[in-house]
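Number of protein chains: 2
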Amino acid sequence: MEKFVNTIRFLAIDSIEKAGSGHPGLPMGCAPMGHILFDEFMNYNPKNPYWFNRDRFVLSAGHGSMLQYVLLHLAGFDSVQEEDLKSFRAWGSRTPGHPENFVTPGVEVTTGLLGQGMANAVGLALSEKHLAARFNKPGYDIVDHYTYVILGDGCQMEGITNEACSLAGHWGLGKLIALYDDNHMSCDGGTELIFTESVEKRFEALGWHVVFVRDGNTGFDEIRAAIQEAKAVKDKPTLIKVRTTTGYGAPNKANTTSVHGKVLGSAEVEATRKNLGWDYEPFQYPEDVKQHWSRHISKGASLEAEWNIKFAEYEKKYEDEATEFKSIITGELPPYWEKSLPTFPPESPAMATRNTSQQCLNALAKVLPGLIGGSADLSSSNMSLPETFSDFQKTTPQGRNICFGVREHAMAAICNGIAFHSPGLIPYCATYLAFIDYMRGAMRTSAMSKAGVIYVMTHDSIAVGEDGPTHQPIEHLSSFRSMPNILTIRPADGTETAGAYKLAILNRRRPTILALSRQSVPQIKGTSVEGVERGGYIVSDNSEGNKPEVILIGTGSELRIAVKAADDLRKIGKMARVVSLVCWEVFEEQSEEYKESVLPVAVSARVSVEAGVTFGWERYVGVKGKAIGIDRFGASAPAVRLYEEFGVTVKAVIEAAMAIC
Amino acid sequence: MEKFVNTIRFLAIDSIEKAGSGHPGLPMGCAPMGHILFDEFMNYNPKNPYWFNRDRFVLSAGHGSMLQYVLLHLAGFDSVQEEDLKSFRAWGSRTPGHPENFVTPGVEVTTGLLGQGMANAVGLALSEKHLAARFNKPGYDIVDHYTYVILGDGCQMEGITNEACSLAGHWGLGKLIALYDDNHMSCDGGTELIFTESVEKRFEALGWHVVFVRDGNTGFDEIRAAIQEAKAVKDKPTLIKVRTTTGYGAPNKANTTSVHGKVLGSAEVEATRKNLGWDYEPFQYPEDVKQHWSRHISKGASLEAEWNIKFAEYEKKYEDEATEFKSIITGELPPYWEKSLPTFPPESPAMATRNTSQQCLNALAKVLPGLIGGSADLSSSNMSLPETFSDFQKTTPQGRNICFGVREHAMAAICNGIAFHSPGLIPYCATYLAFIDYMRGAMRTSAMSKAGVIYVMTHDSIAVGEDGPTHQPIEHLSSFRSMPNILTIRPADGTETAGAYKLAILNRRRPTILALSRQSVPQIKGTSVEGVERGGYIVSDNSEGNKPEVILIGTGSELRIAVKAADDLRKIGKMARVVSLVCWEVFEEQSEEYKESVLPVAVSARVSVEAGVTFGWERYVGVKGKAIGIDRFGASAPAVRLYEEFGVTVKAVIEAAMAIC
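Chains A and B supply the protein sequences, listed in that same order.
Position 224 of the first sequence, counting from 1, maps to 224 under full-length UniProt numbering, and the rest follow consecutively.
Position 51 of the second sequence, counting from 1, maps to 51 under full-length UniProt numbering, and the rest follow consecutively.
Because the hints were derived from the structure by calculation, they are not lab data.
Identical chains blur together in the list; that is why a pair holds if it fits in one copy or across any two.
Heads up, simulated DMTMM-like pairs for lysine to aspartate or glutamate below, C-alpha to C-alpha not over 25 Å straight-line:
| id | residue 1 | residue 2 |
| --- | --- | --- |
| 1 | K299 | E287 |
| 2 | K502 | E324 |
| 3 | K502 | E530 |
| 4 | K317 | D144 |
| 5 | K394 | E192 |
| 6 | K394 | E200 |
| 7 | K626 | E589 |
| 8 | K18 | E645 |
| 9 | K234 | E192 |
| 10 | K626 | E596 |
| 11 | K595 | E618 |
| 12 | K3 | E287 |
| 13 | K47 | D141 |
| 14 | K595 | D631 |
| 15 | K86 | E644 |
| 16 | K626 | E592 |
| 17 | K450 | E645 |
| 18 | K137 | E306 |
Small disclaimer: the values here were computed from a predicted structure and weren't measured.
With the rest of the complex left out, here is chain A:
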């Protein structure tokens, strides 16, 4: 065992030393648990990192990435070859500073932001429990795997971890096993400075089973026994608190803050080699260790082959279930799914877009087997509960409505975990748009790691009214338009809501924010699903030759203001075009010709109207145009009054237009 564990330690040390930066402390301290997990407990197929029924592993303490890379390397994953270890943290390498699922097959989720991984793991374990309940049949446990996490003190302190773990306990996620690297060191010094709570008691309070491993450095049997115990507890997730020494083996730097995030340096590396009796050159390790690990390739192939046989039988016996299941594990959407989306002719009644969203969710729930989600305790306000869904709960895990409670950050990160469990799981989550700030960390991770989570964000403006400025989004649209690889869609009516859902469902590799109104909005003549698919389009126009005198641009609930203003301007003889700029990111991706056909460069008389900050609108209204919006926080008052007081009105649009055209 010593040899196995030291192989991990030194491959990590050598890679970090070669890179000239990195975090040696964790790989050295967690090598024993890492080895035991990957070599003795976990099921996976190194030659197919995406085999459905693999055990999932999450390194929530992502700075210890080298532990994960070395384990993937030893286990035989093609993504981490020796040259990848040697190019740790280099431009274009498959071994970036923190684990990135979109770079390295075998890495399940992207970690580095502390706490995210723990919450992702809850999402992975939830997915397993849900899919198992939905699809397993007597004799056919086609969904049956564990989710393992390694997390550190940093993860433990983050609020998101408590949120996620409270839910994991509530849901009784028995196949979630978290190993807590309890090394008593933080960046600023010993944890006694900042972290003196009883983690065991807190996890017991959260409904977890807790095991304590007193010697995580050399107590291999203890670690094994703890994992076995954890697997035996079926109705609760387990936290294994493993007492370790950060940088174990480094004679002068072990158990110091410096070993956390700095290279050991050649002198200390030599001293560590001596101390642990390691006589190998950098990147070299015993042949028998290589031999020992090599069995995972055949073992993995067998595991997958057995599963394939079992599933082939299942498919014959349970045809319908298998069809749904295959859609979930392949990500292939059922044919004609988009035909299910409701239509909203202009003559249909005014309706809040949170309600038209509800209709879309109801429709999609019936045709998309992978659709699953819920709200942070606001489902009846967000209108986010499809009528055919029942609650996912401890004893009813087949339900597809997830009650997240008031835990926005964990909600988003759990949805990331769900998205990464299976390509066909389509997670959505809902709260008020003003509360989106609470989950921004997880949403950035959605965007970066290409998780197609759908964020159903209702109450999207000052139209919230009386609840006041804490509940009124102002800068939120702009702040997400700033973020790469996420779509911010603000539909104006039912038709655009359907278009928004179509875009969101099709974008499986980037997340979508749907900004939806609390208040009723009319169905607008000229809106279209196709228009939404282009991000921005002409809703109405009375000009010719692509030469309007003025272009009025609106989004969401303010599009109707632009429409009304245009009507009035046309009555006095103006040639006015109305453009819906429902999704800036998608509009930017259109051809230059298309963009010119909507917003011709020659027309500088442009007015935008949106109940949010004007920041960023310069892109579309230009130097001569005028952006009408709200560059201050909101206020508590009836919505109609607020629109008047803040000047987001038809009158203001007309005045602005008249001043420039």
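Keeping the supplied structure of chain A fixed, place chain B upon it in accordance with the hints.
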């Protein structure tokens, strides 16, 4: 007691009914604890809501605002008169939907975003413990008050609450008393759907004393005894779990989800009046209740008068301490404080702005008695620990360096609490800029509620390098430039860092973000503190008559790129101006003349350079200009390589300039 408590219930009901919206459930359920707190335990002076030594009260469950308004009204605060109760949630009223400290004197902090209030309360209690340790003398407990909070299930589920309460336990904030409105109802239904952990055990694990009140509806003695017990425990904060019924007294709606956030409706109001035997007209209540409460005006005046006498004696005995103390309680900055700021002549060595920031903090720490703050476990990376500060800890509360641990969200919200404790407390907090997303909810609250917190955000770009995209800010500057009432300052060198601190310290009513470099940057000729105070200014120019051929605009570590590009352009005969746009918000506030003198409208050849998204730069580079930035997530590689790969280079700036001028 029944009469007192029903007075609160019905004033709340009547106000909500009149407003036509609001949250009756909490005021009806929490009226008993509210009454007992405000009438029997709390020290305050209704005629001076800002009296220093008052007990602080925070309604973390801010939707129950009507409870707080009624209590302020009964206690005799001028801010909540009968007409204010009657204008609940109306435009311009002093009784907005959720408590807002900037609208209603007597309201300590702004709540409504769940969990914020609990964390603010930890900041208030920390401030008391700190100031008491620093300033109290034998016989002169000039700092001596409690901090009370009411929080609900929603607050309890939020991760920020666990973060803040873990710290409160660690710090042993014995004078923090939290009453948990345990009503078993959430918006989506009973808490058994979403919240089944043991809150008592969790708080015990966090190091709190926990008391359970079995009957919070009518068990007045039990509530009293619990608060007394809490006050007797000096070394731990106390959580009093009070079992209540939401909407208590409403015969048909009590203990339902509908009573949480909807008006009762006239029929149910009548039924409630009957049920509780309340024969008064709307807004009427018994004369003897009025009488009973009236004593708080004289009591409050006496409390303040006694304190003033004591403080006058203190001032004579402890002159130096009193001078510092007065600066803290008045917010008056010591004369010439800004002279302490370090200077960085152009010839001084290159240095990271996180290091020049450290020098500023060192200097300010000596002259600003109210400066207090710390880092989320990154003080040695953030360079945020002034050399003269010792750690604030349970047994050393006089220390001014707060070790927050890896709890960014609570850190920011605790700083809000510190800012609101005393006008002269100047809280700062530090982490990496990429982690700012975790605390955005609290930062929006800083901005909205006018808390002058200083956010020391280091590692402000892809120059972070090898740690990769999770650690590299890209959209963060833009996303905060979108937010109202917060300054985003990105200094280019030491001089601008000093200017940034000057701006930040002077802005006591709005928060500041300092975006600081990890990497060394040169001291630039032409930068100035005065320039920073104007937000944007000319760093160098070889044009005349305000007619440069091209304007190069940079911020932070990229200003030097603009400077170098301008040098090269001038060598080939171009008239190039370099502008540092160090703080957009402040630049926008300058006169039109000044702005024209820096960025003349006639000059459309403009190039900006910033290692972040180009979103928003259209405002300054216009339609014809070019923004050089990074519109994708970063990558793990050495910083120099990243700048090259992403094209943020002198060459790119020169090419862009040549293409348009």
